[in-house]
Amino acid sequence: MKFLIIWGIICFLSCVKGDTPANCTYEDIEGEWVFSEGERESTSSIDCSNFTGPIANTFKISLRFPNVAFDSDGNKGFWTIVYNQGFEIVINYRKYFAFSYYEKNSKGNFTSRCDRILPGWSHDVLGKNWACYNGHKSESSYPSQHSHTQTHKSRKLLFEKLAHPINTVQRSWTATMYPNLLNVSLDALIKRAGGLKSRISRPPLTAPVHRDIKRIASQLPVEFDWRNVKGVNYVSPVKNQGECGSCYAFSSLAMLESRLRIMTNNTLKVNLSPQDIVSCSKYSQATLSLTDSSDNTRQGHQIQYHQNLLIISFLLRLRLPTQQQQLFRQSAFPLLFKVN
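Numbered per mature numbering (1 follows the signal peptide of the UniProt record, and there is no 0), the sequence shown spans residues -18 to -1, 1 to 322.
Quick caveat, the hints were computed from the structure, so don't treat them as lab data.
C-beta atoms are modelled at their ideal positions from N, C-alpha and C, and glycine is treated no differently.
Warning: the hint list may mix true and false statements.
In silico DSS-like links for lysine-lysine, alpha-carbon gap of 30 Å or less [said to hold, decoys possible]:
| hint | residue 1 | residue 2 |
| --- | --- | --- |
| 1 | 86 | 58 |
| 2 | 119 | 77 |
| 3 | 119 | 89 |
| 4 | 89 | 42 |
| 5 | 58 | 196 |
| 6 | 42 | 143 |
| 7 | 221 | 196 |
| 8 | 77 | 58 |
| 9 | 42 | 58 |
| 10 | 119 | 143 |
| 11 | 42 | 77 |
| 12 | 119 | 58 |
| 13 | 143 | 86 |
| 14 | 58 | 110 |
| 15 | 196 | 143 |
| 16 | 42 | 119 |
What follows is a list of derived Cβ distance ranges for each label pair [unchecked claim]:
| hint | residue 1 | residue 2 | range |
| --- | --- | --- | --- |
| 17 | 39 | 147 | 56 to 66 Å |
| 18 | 250 | 23 | 51 to 61 Å |
| 19 | 247 | 160 | 32 to 42 Å |
| 20 | 8 | 74 | 14 to 24 Å |
| 21 | 38 | 220 | 39 to 49 Å |
| 22 | 85 | 27 | 27 to 37 Å |
| 23 | 110 | 54 | 40 to 50 Å |
With the sequences and hints as input, model every part of the structure.
As structure tokens, then:
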């Protein structure tokens, strides 16, 4: 059988960052939207990063509480916000996903324009007939201002100093010092945790709890842990992502590994490959190197990642290799692999 040697560049020293600077809440996204879509005749390889037209279809969709969507033709669907980065809509047998719009000034500060989106992707529920689209809210909203700055000061003994007072005032969890992290800078730790998140300038108020919710909640156990269900552990071992900011891939696959264990009563214990998501999914976030100092923003973000929700969409269409079949690389560099 013939092997093809393929050089795949995961990312260069200036690799694509793991999260967009956008910071849009549920309340920002909820409301009336107007979308302008191109022709529905492309495949999943379509590049929507610079889409401006031609426009083949313009329509309105109302995104309502809690997750209900209605279009201008009366069709009913559902929607979900993807972290604070974007949102997906499923309606009339089509799926729509886009990132929220943001701008950057000369001082490095970002402004989230949550009433607009960056060019997004759409396709039918079978994963065919892809198209690009733009969109904006019917009524403009107040821009969410926030800063995205970098810190570089090393905090070698930070966790050791904080562990004792944390454990003194609470017992719900135990803080400890990790020797392998003592020489890691605060900036590097933030990146390992998914990047520096912006603050929410207008925190939403806590919704009152309905009596039906209280009744249902009263029937739940005081605590529940999939690592100890009558002495049985259904959670796969923790993987170390090292200096590759790919938490989205690790968390998505860890969830799938555990669900497979639960579904099969621990008879299927697979170790899935996060490297396959990082390298092969054009809808993934790629990686954020700890040496990254560039600002590949708009095009890189649109092409390179989709957050955990869309990682699952990628997995539904393709066979995912195990960790043993495609090992994870804890840094960003060119990858050589073979396709059978």
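Here is what the structure says about each hint:
no., hint, result
1, 86 - 58, "violated, 36 Å"
2, 119 - 77, "holds, 18 Å"
3, 119 - 89, "holds, 28 Å"
4, 89 - 42, "violated, 36 Å"
5, 58 - 196, "holds, 29 Å"
6, 42 - 143, "violated, 54 Å"
7, 221 - 196, "violated, 37 Å"
8, 77 - 58, "holds, 13 Å"
9, 42 - 58, "holds, 12 Å"
10, 119 - 143, "violated, 48 Å"
11, 42 - 77, "holds, 14 Å"
12, 119 - 58, "holds, 19 Å"
13, 143 - 86, "violated, 36 Å"
14, 58 - 110, "holds, 21 Å"
15, 196 - 143, "violated, 39 Å"
16, 42 - 119, "holds, 9 Å"
17, 39 - 147: 56 to 66 Å, "holds, 58 Å"
18, 250 - 23: 51 to 61 Å, "violated, 39 Å"
19, 247 - 160: 32 to 42 Å, "holds, 33 Å"
20, 8 - 74: 14 to 24 Å, "holds, 23 Å"
21, 38 - 220: 39 to 49 Å, "holds, 47 Å"
22, 85 - 27: 27 to 37 Å, "holds, 29 Å"
23, 110 - 54: 40 to 50 Å, "violated, 24 Å"
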